[in-house]
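Number of protein chains: 2
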Amino acid sequence: MTHQDITRQIISKKSYLCVGLDTDINKIPRFLLEKEYPVFEFNRAIIDATVPFAVAYKLNTAFYESLGAAGWISMEMTVDYLKKNYPDVFVIADAKRGDVGNTSRMYALAFLKNMLFDAITVAPYMGEDSVSPFLSVEGKWIILLAVTSNKGADDFQMSVQQEGSEHLWERVVRTAMNWGSLNNMMFVVGGTRPEVFGRMRKLAPEHFFLVPGIGAQGGDLKAVSSAGLTPKGGLLVNSSRAIIYADGTNRFAQVAGNMARDIQKEMEVYLSQSRVI
Amino acid sequence: MTHQDITRQIISKKSYLCVGLDTDINKIPRFLLEKEYPVFEFNRAIIDATVPFAVAYKLNTAFYESLGAAGWISMEMTVDYLKKNYPDVFVIADAKRGDVGNTSRMYALAFLKNMLFDAITVAPYMGEDSVSPFLSVEGKWIILLAVTSNKGADDFQMSVQQEGSEHLWERVVRTAMNWGSLNNMMFVVGGTRPEVFGRMRKLAPEHFFLVPGIGAQGGDLKAVSSAGLTPKGGLLVNSSRAIIYADGTNRFAQVAGNMARDIQKEMEVYLSQSRVI
Numbered sequence: 000m001t002h003q004d005i006t007r008q009i010i011s012k013k014s015y016l017c018v019g020l021d022t023d024i025n026k027i028p029r030f031l032l033e034k035e036y037p038v039f040e041f042n043r044a045i046i047d048a049t050v051p052f053a054v055a056y057k058l059n060t061a062f063y064e065s066l067g068a069a070g071w072i073s074m075e076m077t078v079d080y081l082k083k084n085y086p087d088v089f090v091i092a093d094a095k096r097g098d099v100g101n102t103s104r105m106y107a108l109a110f111l112k113n114m115l116f117d118a119i120t121v122a123p124y125m126g127e128d129s130v131s132p133f134l135s136v137e138g139k140w141i142i143l144l145a146v147t148s149n150k151g152a153d154d155f156q157m158s159v160q161q162e163g164s165e166h167l168w169e170r171v172v173r174t175a176m177n178w179g180s181l182n183n184m185m186f187v188v189g190g191t192r193p194e195v196f197g198r199m200r201k202l203a204p205e206h207f208f209l210v211p212g213i214g215a216q217g218g219d220l221k222a223v224s225s226a227g228l229t230p231k232g233g234l235l236v237n238s239s240r241a242i243i244y245a246d247g248t249n250r251f252a253q254v255a256g257n258m259a260r261d262i263q264k265e266m267e268v269y270l271s272q273s274r275v276i
Numbered sequence: 000m001t002h003q004d005i006t007r008q009i010i011s012k013k014s015y016l017c018v019g020l021d022t023d024i025n026k027i028p029r030f031l032l033e034k035e036y037p038v039f040e041f042n043r044a045i046i047d048a049t050v051p052f053a054v055a056y057k058l059n060t061a062f063y064e065s066l067g068a069a070g071w072i073s074m075e076m077t078v079d080y081l082k083k084n085y086p087d088v089f090v091i092a093d094a095k096r097g098d099v100g101n102t103s104r105m106y107a108l109a110f111l112k113n114m115l116f117d118a119i120t121v122a123p124y125m126g127e128d129s130v131s132p133f134l135s136v137e138g139k140w141i142i143l144l145a146v147t148s149n150k151g152a153d154d155f156q157m158s159v160q161q162e163g164s165e166h167l168w169e170r171v172v173r174t175a176m177n178w179g180s181l182n183n184m185m186f187v188v189g190g191t192r193p194e195v196f197g198r199m200r201k202l203a204p205e206h207f208f209l210v211p212g213i214g215a216q217g218g219d220l221k222a223v224s225s226a227g228l229t230p231k232g233g234l235l236v237n238s239s240r241a242i243i244y245a246d247g248t249n250r251f252a253q254v255a256g257n258m259a260r261d262i263q264k265e266m267e268v269y270l271s272q273s274r275v276i
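Residue numbers (numbering that gives the first Met the number 0), protein chains in the order written: chain F, 0 to 276; chain U, 0 to 276.
There could be a bad hint or two in this list.
A pair counts as met if it fits within one copy or between any two copies, since identical chains are not told apart.
[Unchecked claim] Pairs of lysine-lysine, DSSO-like flavour, derived with a Cα cap of 30 Å:
1. Lys221 - Lys231
2. Lys150 - Lys201
3. Lys112 - Lys150
4. Lys34 - Lys112
5. Lys13 - Lys231
6. Lys34 - Lys150
7. Lys201 - Lys82
8. Lys150 - Lys82
9. Lys231 - Lys34
10. Lys264 - Lys231
11. Lys112 - Lys83
12. Lys34 - Lys139
13. Lys231 - Lys82
Derived by calculation from the structure, the hints in this document are not laboratory data.
The following block holds chain F by itself, in its conformation from the complex:
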């Protein structure tokens, strides 16, 4: 999938919403637990209800791994379902991997080849040769952590470097810009930190940013959108808990769809203000 393919979806759906499938088996409606793969059944219903309003889905691998092999199967089934039924949708493994070259190659195999994810989130601490094996998979993306949405982002990401007086996250972005292209690299920029978006856009004027932290974590969609949108979109804003757990009854999918539609309506205003549509 190319940068242009994603932009086309954003224009078509008037949305840059990414729905986060952080599916916790303890939080889904009880009646689903009778099914063989309750997490998949939950995801399928959420996807069908939200897909008119969302351009991307993000599966948080931790939630699936906490269920062992059955969780892994639910993750595979969910990706298969998405790519088979909604092939234009961008599907992200929020896995935060990154290791020595021969190991990153195995993660690339697991997520970008064996499973049909379009993208994987990657942590930058181990540097270029931990990232490049993902970039060498044709047509797939990495989404590199720059500024995360949690409090701990202050511990190291915000540390000031001697050379250039830049923050560590700025060094990460500036350096990683040479590793990939507009068509295979995005950056994670936390929605709880709208103050960094200006500098992010100076460093990476056209790259897509994946923005977590809106909703439960306190990020503000309006501030993020006005600082981050480019004329070609350039943003994917994730919402997980606020959408998928909006209702705990047998109407859960319908209510999730309504939540996604409300967010899409707000996004449509910002897309118009930024002249994307």
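Mind docking chain U on chain F? Use the hints.
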């Protein structure tokens, strides 16, 4: 498992060897492929042959994930086999995880509660609240990346900080020392970089270091040991490919055992020189 428990094993086996089960299904003897779980069968044979000479085993999660749910089951079976048959052995999930708090809690559940790993490797980029959920699991450990063994370690880990003129990895170690204790935190220090061991030991005089990069990656056991050993041991040195792929025939386990024994014999000399035994 406590710091003292690990030291006791080191003294008893005269070894600080960690065997890395980076088991690649394309590299194991062909006759094993007839089995239902060939990766587990390979691991079991390697474990039985090497356990007299090893105090720890490290499973690299990427290799298991590349096989999907069957790989996940092989990982679970391997950990179960180790903890059931050799309960004194220290078992590490080399997973390099780390995410926002509610997600790190899910990874802690997956690896330290549902599976019986004693420890998990964690990447520091996202800071304290991405690490602390692992530390709150009683009796379990995190092994935080400080200096990794790959070339990419130069990209960010070696960057010099404005405050204190220290490298990023030194800031990581100095900061993280306040998060955990001698009984729940170790650091990864690459065996390809013996020059950093002196400073690592100043920052963390008594902590265990997990040292990858010996063997295939070029690290030197003697240099690492003389710089890293403390009177209480304080080192776990990993070897993966040099041991587990030492032979490709039906004698693979026996030859792996011989390799492990050779390394143990060398370690015994260094343990004696450092007055651990």
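### Query
What are the numbers of the hints that this structure violates, sorted from low to high?
6, 7, 8, 9, 12
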